[in-house]
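**Student:** In case you want the letters, here they are:
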Amino acid sequence: MDMFSNIALGLETALTPINVLYCFIGVFLGTFIGVLPGIGALAAISMLFPITYHLEPTTALIMLAGIYYGTAYGGSTASILLNIPGTSSSVVTCLDGYPMAQQGRAGVALAMTALGSFFGGVFGILVLSLFSPLISGYALSFGPAEYFTLMVLGLIAASAITEGSAAKGLAMVVLGILLATVGMDPQSGTPRFTFGTLDLMDGLGLSALAMGLFGISEVISSIRTKNDEAAPASARSVTMRSLIPSRDDIRRSWMPMLRSSTIGSFFGALPGTGPSIASFVSYAVEKRVSKTPQRFGKGAVEGVVAPETANNAADQTAFIPTLSLGIPGSATMALMIGAMMVHGIHPGPKMMTDQPTLFWGLVMSFWVGNVLLIILNLPLIGLWVRLLTVPYHLLFPAIVMFIAIGAYSVRYSAFDVLTVAGFGALGYVMRIFAFPAAPLLLGFVLGPLIEQHFRRAMVLARGDLMAIVERPISGVFVVISVLLLGWSLWSTFREAGKRKLLESEN
Amino acid sequence: MKIFAAAALAFAAATGTVVAQDFPNKPVTIIIPYSGGGSTDLMARSLATELQEMWGQPVVVENRAGAGSMIGTAYLSQQQPDGYTLLVNTAAHSTAPAVQKDLPFDPKNDITPIGMVATSPYVAVSGANVKSEGFDQFVAEAKERPMFFATAGVGSSSHFSAELLIQQAGIPADVVHYSGGGEAQVNLMGGHADVYISTTASVMPYVNNGQVKALVVLAPERFELLPDVQSSGENGVEGIEIDGWLGLFGPGGMDPALVEKLNADMNKAISTDRFKKVLEENFVVAGKTTAAEFKEQVEKEMDLWVGLAKERNIVAQ
Chain A
1 MDMFSNIALG LETALTPINV LYCFIGVFLG TFIGVLPGIG ALAAISMLFP
51 ITYHLEPTTA LIMLAGIYYG TAYGGSTASI LLNIPGTSSS VVTCLDGYPM
101 AQQGRAGVAL AMTALGSFFG GVFGILVLSL FSPLISGYAL SFGPAEYFTL
151 MVLGLIAASA ITEGSAAKGL AMVVLGILLA TVGMDPQSGT PRFTFGTLDL
201 MDGLGLSALA MGLFGISEVI SSIRTKNDEA APASARSVTM RSLIPSRDDI
251 RRSWMPMLRS STIGSFFGAL PGTGPSIASF VSYAVEKRVS KTPQRFGKGA
301 VEGVVAPETA NNAADQTAFI PTLSLGIPGS ATMALMIGAM MVHGIHPGPK
351 MMTDQPTLFW GLVMSFWVGN VLLIILNLPL IGLWVRLLTV PYHLLFPAIV
401 MFIAIGAYSV RYSAFDVLTV AGFGALGYVM RIFAFPAAPL LLGFVLGPLI
451 EQHFRRAMVL ARGDLMAIVE RPISGVFVVI SVLLLGWSLW STFREAGKRK
501 LLESEN
Chain B
1001 MKIFAAAALA FAAATGTVVA QDFPNKPVTI IIPYSGGGST DLMARSLATE
1051 LQEMWGQPVV VENRAGAGSM IGTAYLSQQQ PDGYTLLVNT AAHSTAPAVQ
1101 KDLPFDPKND ITPIGMVATS PYVAVSGANV KSEGFDQFVA EAKERPMFFA
1151 TAGVGSSSHF SAELLIQQAG IPADVVHYSG GGEAQVNLMG GHADVYISTT
1201 ASVMPYVNNG QVKALVVLAP ERFELLPDVQ SSGENGVEGI EIDGWLGLFG
1251 PGGMDPALVE KLNADMNKAI STDRFKKVLE ENFVVAGKTT AAEFKEQVEK
1301 EMDLWVGLAK ERNIVAQ
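Protein chains in written order, with my numbering: chain A, 1 to 506; chain B, 1001 to 1317.
Hints may contain errors.
Unchecked claim - With beta-carbon atoms standing in for the labels, derived distance ranges:
no., chain 1, residue 1, chain 2, residue 2, range
1, A, Ala414, B, Gln1167, 40 to 48 Å
2, B, Asn1208, A, Pro391, 55 to 63 Å
3, A, Asp185, B, Pro1256, 36 to 44 Å
Claimed, not checked - On the chain A side, residues computed to face chain B include the following (Cβ under 8 Å):
no., residue
4, Pro144
5, Pro186
6, Ser188
7, Gly272
Claimed, not checked - Each computed DSS-like pair below joins lysine-lysine, with the alpha-carbon atoms no more than 30 Å apart:
no., chain 1, residue 1, chain 2, residue 2
8, B, Lys1288, B, Lys1276
9, B, Lys1295, B, Lys1108
10, B, Lys1295, B, Lys1101
11, B, Lys1276, A, Lys350
12, B, Lys1213, B, Lys1131
13, B, Lys1277, B, Lys1295
14, B, Lys1026, B, Lys1276
15, B, Lys1276, B, Lys1213
16, B, Lys1143, B, Lys1131
17, B, Lys1131, A, Lys350
18, B, Lys1277, A, Lys350
19, A, Lys350, B, Lys1213
Since the hints were derived computationally from the structure, they do not count as laboratory data.
Please read these numbers as outputs of a predicted model, since none were measured by experiment.
Even glycine gets a Cβ: it sits at the ideal position worked out from N, Cα and C.
Kindly generate the complete structure, drawing on both the sequences and the hints.
**Tutor:** In C-alpha cells:
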C-alpha cells in the first residue's frame, strides 16, 4: 500500500527540473567516460566529488549515480568497435562484439547492447525497489565460507570462456591467480613479491591490468597489422537501417537478457563482487546453455548482450548494500556513501523510513537515467561507428593517452602507468603465441577473493575444512560446483569419443 | 632593485621566520592517504575548506591511497618541508610502521607531526552472535565460546587495538582480518565474526542504526559523547590509554616557526562552528595539542605498537 505513495514521492523528487538536469549531466558524462578506454567511473566520480558539498544531497547523488551506471552503457562501445574495453566490466564484450564489428555488424552489436543495458538496468531497479531489505538480509548471511564456495563455483562456471586450447586457457587462469598473489598477505601481513616497494603492497591494479592486456596490446598489434585505410568499408557507409537488429538477433537475445539480468542482479547485490564477475559469469552461462556454443567468440549476439545486460543490472543492485546496509561494495560505492555523509546522512536499514525522499528520489532517478541513456545512446550509435573512420594514426595515440591518464588518476601513481605498459607488452606477447587474455583476467579477479575468503573461513572454522561443506548455503555451492565439474569433464570426454568415432568411420 | 630582492630572499632563507609569516603565498596540497568517501577523507576535506578560507589560497586535496596509508606518507616524506605539502592521517600513522618493516622512510625523523585535528576513544562493537549487553558479561561469554575479533586489515589501528584489548583483558579470542572496516562490520551483522574495534567515526553510524551494539569504550573513563557505554577502565582492565585520532603532518625537517604557525592555524580552523558540526557528526572531539605534545604522543604510540607487535607475534617476517 505504501509502495505507491513511495513511488509517487520518488518520482516527484526525481522529476524536478534540477534533478532531471543533473541526472542528464551524470548519464551523459558517464556514457562519455565509459567510451573512453581507461578512465572509469571511480576516477570521474572522485574528480566531481567536491561538487557534492554545494548541492542538495539527493541532487548530488542522482548525478554521481548517473555517472556510475552511465559508464556501463558506454563501456561496451570501444569493446565492440576497437576491441579495447572502455571499463574492466566490458572486457568480455570484446570476445564477440569485435568479431561482429569485423563482420560489418557493429551497428547491430551497439544497438543490441543498448537494449540489453536498458533491460538489465530496468530489471536491476525493479529488484532494488521491491526487494532491497530482503536481499540485504540474505547478503548478511554470506560469510567467508559462502563467498569462497561461490567464487569457486564462478571460476568453474566461467572457465568455459576459453577459446581454443584448453591447456593454454587453464595456464592463463593460473597465471592470473598467481599475479593476484602479489601484495600483502591478507592474514599475516607478510609482503609477497613486492620487491621491497610500497607500490606493490596492495597488489596490481585490476584496471591497470585490464587496460594493459586488452587496450595497449590491441594498439600494439594494430600498428603491425592495420594500415591507415584499414577502417572497414562497412563503417564508412553506415546507415540508420544497418543499425536495426534482425528478427533473428532479437529472438536469440531475449532469453540471455533475462538470465543475465538475474545473474547481474545477484552479483551486484553482494558487497565485494560486482559487475566484472557478473559479466564473466553471464557470458559463460550463455555459452553453456547455447545449442551452438561454437558460434561464441566469432560474433554471437548473445555473447555481447549477456555481459552488457549483466553489468548494468549489477550496477543498479550494487546500491542495495550501499543504501540498505550502509556498506560500500566497491571504492565507487564508498564515494556514494561519502556524498551522503557530507550532509550528515548515514545510509542503513532505517534509510527508507528516515530519508524516504532521498531513497525513493534516487531510485526513481535511475528510471529517468536509464530512459535518458537509451534515448541518448541509440541515435549516437551512428556517431560512434563513424569513430572507426578516424585514421588510426590519430585514434590510437589518443587512446594510449586516455589509458595513461586513467591509470594515473586513480591514486596519482606513475607506477600504475608503468604497470599498464608492462601488461601491454605481456598482452602482445600472449597474442603472438595465441594465449587468451580473458581467462587471465578471470583468474586475477576471482583469485584474491577465493584466497581471502578461504583464509578467513579457515580462521573462523579454526581450521576445520568440513565446516565449509556443513554450512547450508556454501554446501549447496560445493555440490553445484562438483556436479558442474563432473558434467564438464563427462561432456568433454564424450565429445572426444564422438570425434574418435567419426575419425574411425572415415 | 634586483640586488635588493636577492638580498631579501637570502635574508628570508636565513631566518625562516619570515617564511612562516609569508606562508602561504601559493596553493597548498593536503594528501589523504586513503581513497575517497570515508570519514577520514571527509574530515580532511572539511579541514582543507577551513584552511583555504583562512589563507586565501587554494588548498587542494589529493587521495594517494595504498599500503595502509604508507604510500601517501612515503610520498609526503619526499616533499620539500616548506608547508606546501601536508598530510592528514589517523593513528594508522603509528600502527602501520610496526608491521611494515621495509618502509622507504624513517617514520620518526622523515615526518613532522604538526597537530591533532580530532580525537575519540576506540569503541568495541559486537555483532549478531554476541549475546552479552555489557563488557563484564562479554568476558564471561568469551570464556564459554572464544571470540573472533574482526579487523580492517593487518597493521590497521583496529588490528592493534584488538590485540591490546585481548591482551589486557585476557579475552580468549582469535583475530580475523578483513579488507576494510565496512566488510568487517557486515560480517559482524551476519554473525560471522564477533567484535570490531575502531574509532567512533567509523562505528557509530552502524551503532545508531541498530546494526551493531556498542560494547565497551577502550579508555580508563567513559567518553563524554557516549555516556551510556561502559569503559574498559571501570571493568578493571588496565593499561589501555590510547585514543584514536586524526592528525596533520608535514615532511621531516620543517622549520619550527613554520610548524608553530601551521599548528596555530589548524587549531583555529578546527574551532570554527562549521568544523564543530563536522566533529559532532563523526562523534569526535577537537584535538587540543601543541605540535610538541602531538609529536610526543605519536612517538609514544609508535613504541607501544612495536612492543605489542613483538609480544603478540604480529609481524610475520
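**Student:** Hint by hint, note whether the structure agrees.
**Tutor:** Structure-based check of each hint:
1. Ala414/A - Gln1167/B: 40 to 48 Å: The hint (40 to 48 Å, Cβ to Cβ) holds, given that Ala414/A and Gln1167/B are roughly 41 Å apart.
2. Asn1208/B - Pro391/A: 55 to 63 Å: holds (59 Å)
3. Asp185/A - Pro1256/B: 36 to 44 Å: holds (41 Å)
4. Pro144: The hint holds - Pro144/A has a Cβ within 8 Å of chain B, the shortest such distance being about 6 Å.
5. Pro186: Status holds, d = 6 Å.
6. Ser188: holds (4 Å)
7. Gly272: OK, holds: Gly272/A within 8 Å of chain B, min 7 Å.
8. Lys1288/B - Lys1276/B: Roughly 13 Å between the alpha carbons, so the hint for Lys1288/B and Lys1276/B holds.
9. Lys1295/B - Lys1108/B: Satisfied, since the Cα-Cα distance of roughly 9 Å is no more than 30 Å.
10. Lys1295/B - Lys1101/B: holds (21 Å)
11. Lys1276/B - Lys350/A: holds (26 Å)
12. Lys1213/B - Lys1131/B: Within the cut-off at roughly 10 Å; holds.
13. Lys1277/B - Lys1295/B: At roughly 27 Å apart (the allowed maximum being 30 Å), Lys1295/B and Lys1277/B satisfy the hint.
14. Lys1026/B - Lys1276/B: holds (27 Å)
15. Lys1276/B - Lys1213/B: Measuring from Cα to Cα gives roughly 26 Å; hence the hint holds.
16. Lys1143/B - Lys1131/B: Holds, at roughly 13 Å.
17. Lys1131/B - Lys350/A: holds (23 Å)
18. Lys1277/B - Lys350/A: holds (22 Å)
19. Lys350/A - Lys1213/B: At roughly 16 Å apart (the allowed maximum being 30 Å), Lys1213/B and Lys350/A satisfy the hint.
The structure fails none of the hints (numbered hints given earlier).
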